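Chains as they are written, first to last, in my numbering: chain A, 1 to 306; chain B, 307 to 819; chain C, 820 to 1138.
Since the hints were derived computationally from the structure, they do not count as laboratory data. Please read these numbers as outputs of a predicted model, since none were measured by experiment. Incorrect hints may appear among the rest.
Okay, derived cross-link-like pairs now, SDA-like style, lysine to any residue, Cα gap no bigger than 25 Å in a straight line [claimed, not checked]:
| id | chain 1 | residue 1 | chain 2 | residue 2 |
| --- | --- | --- | --- | --- |
| 1 | A | K144 | C | P854 |
| 2 | B | K437 | B | I391 |
| 3 | B | K583 | C | S987 |
| 4 | A | K248 | B | T728 |
| 5 | B | K620 | B | D512 |
What the simulated footprint calls covered on chain B by chain A, stretch by stretch (three residues with Cβ under 8 Å from a Cβ of chain A suffice, anywhere in the stretch; the number is not a length) [to be verified]:
| id | stretch |
| --- | --- |
| 6 | 365-372 |
| 7 | 397-406 |
| 8 | 409-418 |
Even for Gly, the Cβ is constructed at its ideal location relative to N, Cα and C.
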Amino acid sequence: MKKQAEAVSVAPNGTQISKGTNILLNILFVIIAIICIYPLILVLMVSLTDEMTIITNGYSVFPKQFSLTAYQYIFENIMTVVRAYGVSILTTLVGGLLGLIIMAMYAYPLARDDFKYRSPFNVICVITMLFSGGLVPTYMVFVKVLGLKDNILALILAQLFSAFYVMIIRTFFKTNVPKSLIEAAQIDGAGEYFTFFRIVLPLAKPALATVLMFSMLNYWNDWYFPLLYITSPDKYNLQYLMYQMQTKIASLITASSAGATIDISSIPSETARMAMAIVAIGPIVLAYPFFQKYFEKGITLGATKE
Amino acid sequence: MKLFKKGLTIVAGTLCLASMALTGCGGNNTASTNAATTDSASTDAAAPASTEKVDILWYAAGTSTPEDMPKVLEEANKYLEEKGIPANLKIEMYDFGTFPDKLQTAISSGEEFDICFTCNWCNDYFVQARKGAYVPLNDDKKMLETYAPQTKALLGDDFLAGSQIDGINYAIPANKEKAHQWGFLVLKQYADKYNMDFSNVKSLADMEPFFQTIKENEPSIYPFESLTGESAFRLLDFDTIGGSNYPGVVYNDTKDFKVFNELEAPEAREFFDLVHKYYQAGYIKEDADTITDYTQDQKAGKMFCATRSLKPGKDAEEGLSMGQEYVQVNITSPVLSNRETTGSMQAISSTSKHPDIALQVLELFNTDAYFNNLINFGIEGQHYDKVEGSENIIKPAADHDKYNLALGWAFGNQFLNYVTETEDPEKWDKFEAFNNESTPTQTLGFVFNPDNVQTEIAQCVNVWRQYMPGLETGKLDPNEVLPKAIEELKAAGSDTIIAEKQAQLDAWVAANK
Amino acid sequence: MSSKSNTKIEVAKTQTVKSSIASKKNITLISMLVPGLIVMLLNNYMPMFGLVFAFRKMDTVQKLFGSGWNGLKNFEYLFSSNAAWKITRNTIGYNVVFILIGLVLPVFMAICLNELRNKKAAKVYQSLFFIPYFLSWVVISYVVFGLLSNEYGALNRIIQMFGGEKVSWYSKPEAWPFILVVVNTWKWTGYDTIVYLSAVCGVNQELFEAASVDGATRLQQIFYITIPSLVPLAIVLVLLRLGRMFYTDMGLFYSVPRNTGVLQDVTNTIDTYVYRAFTATGNIGLSAAAGFYQAILGLVVILTFNAIVRKFDPDSAII
């Protein structure tokens, strides 16, 4: 009787840490969380501060005087911002998903021990991480060979494939997808593609979710490729629009010291910069919890049971 | 392994493909470079029989493309048609931060465009022209004389000579102030409050009592702005032949054309000592060497005195920008140097298919007040209105924000520009007088070619960036740092650079003086 | 190919069937590689003709095939100066520290997050840890300035509150190795934690249950099940980072120290050095040479460590 009770209590606890450790860890994590979030809060508060207050008092999480001027400045032309959000969302979704499929398809054969040529293809992939032709040749290929100037496809293509993520996915396939499962499927007569899409991919959800999230973030945060390839303002993505506004403020200042007569005294340059950071982070920071559901324990277990 | 070989073949194939693509466009480029250097440019031009309109793409710098640009271009193209220039003008604008990258990629990759902004501090004129990016304007084909004769006359010899590279003009300078003059802008509010008289100020040292007054009486005000790259070091007014982030200068009025390291000059040492003294006295912001921009302090009226490049009306101009009132204190005398003559120019790209028409557009821009002001200020009644009873004084109209370049100096003949109602109506006359008053440097027209000392420059720049900000802003003690900086520059090859500059200058003097 | 194997069928039936299945499998697998190969071809391999710039005199594409070779002259500035030793030391030094921290800390955090009993809280922590990654280096450099500046810096205010003397952080080179490591760790730990977390999540739960039935404590389970299962991923990440060991982040080493000259002894890396040289000369050849040099060194390091890994754990080697 007693023994049985003990067994019952061991079973749920045997795979858990003790309460004391749990409390300690929680305290530690709360501290780290504060360190992580403090700068974001600071940025948010600065963006809401009156420009003059910053000049006289510096940054503060508790500003003496609030002001929405920075946001008014950014959203002066609301349609432009909305359109830029549209471009960002489009490239992020299309590029992220398409890239994920391509990278996973590349990673899978590399993870298969029975694939004869995995070594050379591995090398081809790793080389791209080390060697780069540089900015100008890349630009030439995109613009002259592919004709992608002022084309959103350029933004998508530029970040479609990353050797780094391929290696992460490959490792995950190798370690977390049991070989026996693949062999069993093939003995049952399943084709390579069937095995890949129906058996391997579902088992690799945590890794795929991670890579998808990272690559979507790269798309979202990209301002450099629009700078290179995009010329019409209606194809600007959000980050580039923010970058443009920022350099516009900066260049107004340069221009005014170089001899142009512009009234820059009313531009909220310091606070606008922070407000732009907030506007740009906005929606994507909320996307994380969506990906989180793939980081659940025991996916392998569930899948094998299916 | 077989497959690996296959992989290699693929890679090799790719490279072939890429090089084919290159030779394809490379072919074009050679053709157009040839067109520029030999004579086919004018053979093209000799056949203007077709009145069909051609696209002229102009990369302009200063701000991002304003919202109403299409409207303005529509007007501009109508006017071009009236004037019989078969051009369909398109202007793409980028701010100064973006512009160099944009043009660097466009030019290096041989993209096709017609006109671009170029100068010595943004989209480097000397570098790009040497690469063959621009059409020579005054070689045997006399492009400038043929298609823009009035512009040529307008600019005068000094402007043209001052923007030549080995005797060739690759760009048209904007007709604006021709000289630079260093001095201070002082907040009027405090100058008045303490009855300051600047008439006897001849140097930075003479400002000391005023700084002291401010320091003692106005604790929230910084007496003196000291900004890296734009500090009072410029008051020494060395003639920096070549770039400004590595050593090697001559005096403006040099007789012997001796090139020397400016950091080793006695007046430099004097300056560093003085400014370091100011720093210790608290006249300069504590973290001056890390500050990249004092605009905030200026806008808040917290910066009492700042070193500036002056010209007539600079006080009013900057006052308007910052929402403050300033007093202008001139220190050095106006000097005409390559800095100004190459400070703002338009070049014709060697990838242009119609350099002749592009030049005609620029000619119109430089000589036609209506066209010039259309691009600069937009459409009358929409973007600006004329002040009643005046032909050339304007004020903002309803859609002013949708087209507000305020970049007259970055485009072309500034003397055609309207003045705004807040400006001095006699602005352009004063400019004229200022220009006439200036004396040219002895080296006007000499351009240093850095090709042979790239390695040394690359190294010196890093040493320069390490020590100069601290020295020129007054933060570092010159006793300790200056000898170290000089020594490290020497180790990085500064003497080689100076010798190279000297050799090139001597050759130039022998040929031109 | 297929007709060939058809004729052979007569000769050695069983063997051919086997090999034709194998070759069919290989072909199908290769077909999966094709999209990735195409993208790499366009994005990476076609532009690689630019590597030639490292050895050429002229730096325009027009003249790339016309102008003379420059030998190794473009590489000279990387070696012939006093700075060569410093920038190499800084580049390697910081990267080694970053790699070590980027291994230990995220693994620790990922395991701990996974162990938390309150799963909701764990999710909230994860989200918050990830936030620093969202801030761009430019914004971070402003935040750091907000913390460290002389006048309004939060840190100096705190120091003064406790009666200390203000510290001029931007003129204290000795403080910056520490500051840079802290800032870098702050920005990337959340990101790396998530990578390891995905691997921790993938561990087969049956293993833990079996171990717990056998009486293993949770700590033992972590050491004997969780950590070993993370090793392959850790090896790959470390190897890849070793390959990038000669590159540094411009944002961290240029923007965050605000390009301050006084700090250059401890903040100048190969990339910032090259960037300053490039802005002064506008010579693509110089930066191409630096990139080539960094890539070759990276390749050597990757190959070396990959060979070592291969000896002990052939499965985790990346090449």
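Right, here's what the structure says about each hint:
Between K144(A) and P854(C), the direct Cα distance comes to roughly 21 Å. Compliance with the 25 Å bound is thereby established for this hinted pair. Of the pairs offered as hints, the one joining K437(B) and I391(B) is violated, with about 30 Å between alpha carbons and a cut-off of 25 Å exceeded. Our distance criterion of 25 Å between C-alpha atoms is met by K583(B) and S987(C), whose separation comes to about 18 Å. With a C-alpha separation of about 23 Å, the suggested pair K248(A) and T728(B) falls inside the 25 Å cut-off, and the hint holds.
This hinted pair checks out: K620(B) and D512(B) have alpha carbons roughly 21 Å apart, not beyond 25 Å. Look at the stretch 365-372 of chain B against chain A: 4 of its residues bring a Cβ nearer than 8 Å to a Cβ of that chain, three or more, so the hint holds. For the stretch 397-406 of chain B, the stated coverage by chain A holds: 5 residues have a C-beta nearer than 8 Å to a C-beta of that chain, and at least 3 were required. Coverage of the stretch 409-418 of chain B by chain A holds [criterion: at least 3 residues with CB-CB distance below 8 Å; count 6].
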